[in-house]
Amino acid sequence: MLRFFSLVIVLLFTAGLVSATTYSCRDKQGRLFTTDNLQTLPPDCRGNERVVQSEDPDNLNYVPAQKILPGAEAEFQRAVRDAESEQLQKQGRIDGFIKRAEQLVEQYRGAVQEKNNATRRWSYGSREIIQKADSTIEKVREGKKQLLTEIAQGKIPGDVEKTIVSRLNEIGV
Numbered sequence: 001m002l003r004f005f006s007l008v009i010v011l012l013f014t015a016g017l018v019s020a021t022t023y024s025c026r027d028k029q030g031r032l033f034t035t036d037n038l039q040t041l042p043p044d045c046r047g048n049e050r051v052v053q054s055e056d057p058d059n060l061n062y063v064p065a066q067k068i069l070p071g072a073e074a075e076f077q078r079a080v081r082d083a084e085s086e087q088l089q090k091q092g093r094i095d096g097f098i099k100r101a102e103q104l105v106e107q108y109r110g111a112v113q114e115k116n117n118a119t120r121r122w123s124y125g126s127r128e129i130i131q132k133a134d135s136t137i138e139k140v141r142e143g144k145k146q147l148l149t150e151i152a153q154g155k156i157p158g159d160v161e162k163t164i165v166s167r168l169n170e171i172g173v
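Just so we're aligned, residue 1 is where the sequence shown starts under the numbering used here, counting upward by one.
Derived from the structure by calculation, the hints contain no laboratory data.
From the three backbone atoms N, C-alpha and C, an ideal C-beta is built for every residue, glycine too.
One should not assume that every hint holds.
What the hints assert, rightly or not - Quick list of the computed label-pair ranges, beta carbon to beta carbon:
{"no.": "1", "residue 1": "154", "residue 2": "28", "range": "37 to 43 Å"}
{"no.": "2", "residue 1": "71", "residue 2": "44", "range": "17 to 23 Å"}
{"no.": "3", "residue 1": "114", "residue 2": "142", "range": "15 to 21 Å"}
{"no.": "4", "residue 1": "95", "residue 2": "46", "range": "31 to 37 Å"}
Unchecked claim - Derived EDC-like pairs: lysine to aspartate or glutamate, alpha-carbon spacing no greater than 16 Å straight-line:
{"no.": "5", "residue 1": "115", "residue 2": "138"}
{"no.": "6", "residue 1": "90", "residue 2": "161"}
{"no.": "7", "residue 1": "28", "residue 2": "49"}
{"no.": "8", "residue 1": "90", "residue 2": "150"}
{"no.": "9", "residue 1": "99", "residue 2": "161"}
Can you build the whole structure from these sequences, using the hints too?
So, in structure tokens, the structure goes:
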């Protein structure tokens, strides 16, 4: 039993060590290069690399590590940071769109509920409550139109756009 658990532990640790990402690309002469470090790819391969899946049947060539020019690593790191920053900004815009959609839906629900309550319990002040609720509903509808316009211009993924639009559909036209 102890051997079994020892074997399982060894297999778990070795599986984690072997799971490095491998990249490959072909140069203009058709040679295949494979590496685990994007910076070691030949310059004409950069930008055309792909992640190698374990089941890819292809001939592999060993690529010796190339000397990295001074400053190239800093430039590469800057490019990675810029890409990450851009991705975070895009996700922030998407999160903002979702939050605004949820706020509009909640405002709409609240205004409709106030209007229905005022109609059911008709009193001297009901007319003012209904007018205020109608005004809020109109503002929410304007906010919905503006948000839909911003989403169309924001270039967000289609599935996220569909999710936001489906939430906003609760707000009447």
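Against the earlier hints, flag every one the structure doesn't satisfy and list their numbers going up. Result: no hint breaks.
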